[in-house]
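So the sequence lines, in the order shown, correspond to chains A and B. So in our numbering, spot 75 of the first sequence is number 75, and the numbers just go up one at a time. To get our numbering, take the position in the second sequence, counting from 1, and add 110.
Derived from the structure by calculation, the hints contain no laboratory data. Be a bit skeptical, because a hint or two may be false.
[Unchecked claim] List of simulated lysine-lysine pairs, BS3-like, C-alpha gap at most 25 Å: (1) A:K67 x B:K283; (2) A:K66 x A:K30; (3) B:K157 x B:K146; (4) A:K72 x B:K221; (5) A:K30 x B:K268; (6) B:K221 x B:K268; (7) B:K279 x A:K31; (8) B:K157 x B:K199.
[To be verified] Residues of chain B placed beyond 10 Å of chain A at every Cβ, according to the derived structure: (9) Y229; (10) E241; (11) R306.
Cβ atoms here follow ideal geometry from the backbone N, Cα and C, with glycine treated the same way.
The chain contents come next:
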Amino acid sequence: MELTEQITDQYVIIGITGRLDTTNYMALEKKLMDLIESHHDKILVDCLNMDYISSSGLRILLMALKKITLVKGRFVLCGLQENIHEIFEISGFTSIFEIHPSREDALKLI
Amino acid sequence: MAYYIHYTDPNSEDMLRDLEQVPRCPGICFFMDINKSTDIKYQGGLKDWGRKLNNTFNNLLYANHFQYHVVKGIGDEMMLFIPEEVLQKKSSNNTCFALLEDIYAALFLIKNHPDQDLYLNCKVAIHYCTEAHNITFFEGADDYYGSDIDLTARLMSKSVENRIVLSEKFYVKVVNDLISMGLPIDTGCLSQVSERFIENFKGVPVSTAFRVIEVQ
């Protein structure tokens, strides 16, 4: 998995490429928790190039959502591939996360 | 595919010869049980009960591809078995540590989902089996038998909602995985692992050591 980070006026955009699983979820956890602790409360995670996510990866996203919600921030996802969307649906994530089809759509609407 | 054992002659020498040749199938056996589903069956009826069972089974299985390892389900409990050679051949997530982390995460997702009306909390017991054989007595079925499979079922008696019970044998495999990856032995959910308990389980001739992890 590779992580990219882009800081705009409004948002921090995290891009995930590859598989997010037990072998690497700690890197995403550290990245997100560091951002939240340094008071970045608007985070967009671009999943366009993420091709697999296990429960361990989903757990980190849920933890980040809970932490950002506590400070009334926004944690937004975009670019889910079909197989990832299905996993999000099964996990009940589509009803609790703000999800947009693409980064462009997300940035227009948020 | 399981060895199918079926002989009409109760005294068949061929049957004994066949059984003698069945190889051991080392692997990881785990039971996942959904809590309180029987109560809901009586309170909410089939629609509410069935919906929550569907949602919970899906949540437990699909993100981690566990659906390919379900041996059998009885009501709200599933038995899963992953042969060690199958686990090792996976291109990623191919360690006992990875397996434990994903099981922990699956229970965490259910426990911490904001909508508590969608899923039911679960409990798990997990064991590394060396005494296990991939045999079945029923045509077309897949199954595993052996004293270590029985022990995994016994370990379930020590589990409660949002708890994973892991045998010491499995715990040692997980720790060895961490050491070989150069990671501390309290990585991930192992930061919450209990001390070692010893128990004598019914039908098991020796004491069994195990630990527990409470899902946060």
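Hint compliance check: list the failing hint numbers for this structure, sorted ascending.
1, 5, 7, 8 and 9
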